[in-house]
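Please model the complete structure; the sequences and the hints are all you need to start from.
Residues per chain, in single letters:
2 protein chains.
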Amino acid sequence: MTDYRRLRVALLGAGAVGSQVAALLRQHADELADRAGARLELVGIAVRDVDAPRETDLPRDLFTTDAESLIVGSDIVIELMGGIEPARAYILQAINSGADVVTANKALLATHGPEIFDAADQVGAEVYYEAAAAGAIPIIRPLRDSLAGDRVQRIMGIVNGTTNYILDRMDTEGAEFADVLADAQRLGYAEADPTADVEGFDAAQKAAILASLAFHTTVPLDAVHREGITAIDKSMMDAARHAGYVIKLLAVCERLTEASGSESISVRVYPALIDRAHPLASVHGANNAVFVQAEAAGNLMFYGAGAGGVQTASAVLGDVVSAARRHIAGGVGVGESTLANLPVVPVGRVTTRYQITLEVDDQAGVLATVAGILSEGRVSIATVEQTVIDAGAGEPAVARLVIGTHKALEQDLSETVDRLAASGVVERVVSVLRVEGD
Amino acid sequence: MTDYRRLRVALLGAGAVGSQVAALLRQHADELADRAGARLELVGIAVRDVDAPRETDLPRDLFTTDAESLIVGSDIVIELMGGIEPARAYILQAINSGADVVTANKALLATHGPEIFDAADQVGAEVYYEAAAAGAIPIIRPLRDSLAGDRVQRIMGIVNGTTNYILDRMDTEGAEFADVLADAQRLGYAEADPTADVEGFDAAQKAAILASLAFHTTVPLDAVHREGITAIDKSMMDAARHAGYVIKLLAVCERLTEASGSESISVRVYPALIDRAHPLASVHGANNAVFVQAEAAGNLMFYGAGAGGVQTASAVLGDVVSAARRHIAGGVGVGESTLANLPVVPVGRVTTRYQITLEVDDQAGVLATVAGILSEGRVSIATVEQTVIDAGAGEPAVARLVIGTHKALEQDLSETVDRLAASGVVERVVSVLRVEGD
Ligand SMILES: NC(=O)c1ccc[n+]([C@@H]2O[C@H](COP(=O)([O-])OP(=O)(O)OC[C@H]3O[C@@H](n4cnc5c(N)ncnc54)[C@H](OP(=O)(O)O)[C@@H]3O)[C@@H](O)[C@H]2O)c1
Ligand SMILES: NC(=O)c1ccc[n+]([C@@H]2O[C@H](COP(=O)([O-])OP(=O)(O)OC[C@H]3O[C@@H](n4cnc5c(N)ncnc54)[C@H](OP(=O)(O)O)[C@@H]3O)[C@@H](O)[C@H]2O)c1
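In order, the protein sequence lines correspond to chains S and Z. Each residue of the first sequence is one higher than the last, beginning at 1 in our numbering. Each residue of the second sequence is one higher than the last, beginning at 439 in our numbering.
These aren't lab readings, by the way, just hints derived from the structure by calculation. Glycine included, each C-beta is placed from N, C-alpha and C at the ideal position. Watch out, some of these pointers could steer you wrong.
What the hints assert, rightly or not - Computed, partial: chain S to chain Z, Cβ under 8 Å:
{"id": "1", "residue": "Ser282"}
{"id": "2", "residue": "Gln311"}
{"id": "3", "residue": "Ala313"}
To be verified - Covered stretches of chain Z, going by a simulated chain S footprint (3 or more residues, C-beta under 8 Å):
{"id": "4", "segment": "455 to 469"}
{"id": "5", "segment": "585 to 592"}
{"id": "6", "segment": "734 to 747"}
{"id": "7", "segment": "781 to 788"}
Have a look at this one:
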């Protein structure tokens, strides 16, 4: 067996991900040494409660509540505690004491990324975060390295497993949101408090991380437009299916080019219609996928498990091996040197296609009125489907209009929808959904 | 504008890929400098004929027929000539003169990879080859870095666009192989001499590269079992569809573990049945995809364009940026340090499921005879479907048997099929196809 140099690895956190990382570091110690060119010696694990039951068998004397002492003298610090503090403070301590950092903490990177990356730059340390953007799916290296000579135009990601699981079951079983959510909670696919997932907060954090990387731009979390899936109901799912679409919660990161040539980006998370023939439409269950459109490479898709303790541990360990190789090779950071820092525009300045579903009075001239309002609002109609709804005896007849638009400016569209709602001929705006994928 | 250090880049070849690489290097010079931390100065392009028409506009004075002089003094040499010689000699010259090398040459790497990687190791140079395994799809970095802390169990790749295009059209249009091939040649999807694609030679080269990387093992090209798609006809396609499968040309790289715990690998290319619900089944047209099963990460899939000049150029430029960053950072190579070098077993020692289609005499006892031969041959039956074929007046009645097997040893299976063919009750072995994907 080769006599490798030893690297001291400190682990902060032994929950769903951390306990698996610790177990794999020990089980595969020899193979990891061959891959890394160094022995990865797990010197300790910081937790809140050293006596808490763990998912994997680990020697009790590895555990400590004293993270700060553990970090001192470590070559690689793996942060898997989650949350902002004390994770942020420990990561900064690690960087400043000369360690490289591996983290899966999307909440922290999406809010304090620039501070952490700057601190690392100052001292020539590296921060690895493959697991923070899409769990086990390798997406950071492809974006940072493989596509470094290309120009990313757009990313469309299914980056939240819980919401994809819910929407997929609503689609395949014709079930209602609340029922599937309750079931998902029972099965462990959704948390007791599902807000972070179903309101799109988790996806927004990942979108900020992906956009920052793809466009070499600092994307503050509050510049990410965010809508969740709680308003999606069975009737919208049915209508989408009928029209050849499926509804997915998408994280869209897009490069916008003005006529003048000046560039900006848009980052947004919302449920959108996507054509059933699109590769993203066949991402089922709790799986994730990131679809990337690049100028030269064309369309690429990266598919896999976006979460799960052991799956995420795979991405964390890949980062640990990279950090170890860098320690051995002894070079300075190999990241990009200059940020492009494109402006991030509000969602109102984005153009997409829409599908607008309205209930209108079923009388002559209504379609003309609706079409007139759309055209005044600079929203051009691509398709219209009208169905008369049986409103019951004595009730005035009602028709349902499903209008597919050409690409329109979000701001124009929302003003137009307001005007439609106030027009007198529209009984109800049933839904307004964006159509993504072309 | 930042005042970057300059790196001298030499390009060998300006064909489909090279001409696009040259154009992008010039068009995106400023952005590439920001990404790489260095100005990438294209110092010359070696070709056979400096006056040949090129796909992109490039200054005539960049061209030379003297590749050797061009290589001298270059920091990065991009080899896009193809073929074994003189590509091999030029790459070795580049390595020995201190340059890093970027190549897309799968034929060369699959046959002379060890020689080239050894030469690079000797002098601390790096050889980048993202474009050699699956064109524009980032698969090398994910395998080498992202999954470095995991254990790859199996790779199933659709790695040849021409054959996927042909099989996809046979599947969707019910067309015959020869007709689709002729059409593919007319449309430029297949070469005038389609042998390298349709006989699986191209896929076998890529399989050898992927398996070498995934299993840290030197895989000689002649250890790759290879079958092409020329025997696939409409009736096999129809039968596959009927059974819920689609036929794809797959490159399968698999880790095998004996009961004793000792490990070996199998690398093989053949047309196989794959369940329509499998993510690989929805890879259409000339697209490629690599499905990876890893111990911790679970199932991953990487999808995109496996060929095309500009698409492949994206992967090449990503490698060029990586090489430049390494020059700037000044570290030594960051690849893995030790090979596992698992034995590569012949296809006979592999187990898969099979679908065997036979024409048999339609008389009592035939099924029992067939079942007996299978069972003696250690091939266990999972499903049987029998249909009587109308053989025409006066002809003896014939039945078609479609037998799905459980996992069986390839060697047992092929001996059993020989025994079936010689048994007297089997009129014709219509097809024997492997079933992959579980
Ligand atoms: N779970 C996934 O599938 C997944 C996927 C992608 C990314 N991530 C990210 O990975 C990180 C870890 O997630 P997880 O699911 O493993 O979390 P978790 O199960 O909640 O585990 C958190 C661990 O951190 C420890 N910890 C928390 N606060 C601490 C403190 N102040 N001092 C010391 N230790 C502390 C806990 O100690 P005790 O055990 O003593 O309480 C626990 O071991 C998060 O950033 C998460 O966003 C998770
Ligand atoms: N095309 C794809 O989609 C694709 C995808 C993945 C990988 N690749 C790989 O990329 C490499 C290049 O492919 P390609 O399609 O670009 O090839 P190509 O179109 O045939 O171009 C080959 C180029 O190399 C030059 N060349 C050939 N032999 C030479 C010699 N002895 N000395 C100097 N120059 C020589 C040719 O010069 P002239 O122009 O003067 O004849 C030509 O410019 C191959 O290894 C291929 O396997 C290609």
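Less than 8 Å between beta-carbons is the criterion; does Ser282 of chain S satisfy it with respect to chain Z? holds (5 Å)
Hint validity - Ala313 of chain S Cβ closer than 8 Å to any chain Z Cβ: holds (6 Å)
Hint Gln311 of chain S vs chain Z: min CB-CB distance below 8 Å? holds (5 Å)
Does the segment 781 to 788 of chain Z contain three or more residues whose Cβ lies closer than 8 Å to a Cβ of chain S? Coverage by chain S is violated here, the residue count being 0 at a Cβ distance below 8 Å.
Chain S over the segment 734 to 747 of chain Z, status - at least 3 residues with CB closer than 8 Å: holds (count 11)
Taking 8 Å as the C-beta cutoff, is the stated coverage of the segment 585 to 592 of chain Z by chain S satisfied by three or more residues? holds (count 5)
Can you confirm whether chain S covers the segment 455 to 469 of chain Z, using C-beta to C-beta distances below 8 Å and requiring at least three such residues? holds (count 4)
Hint 7 from the list above is the single one not met by this structure.
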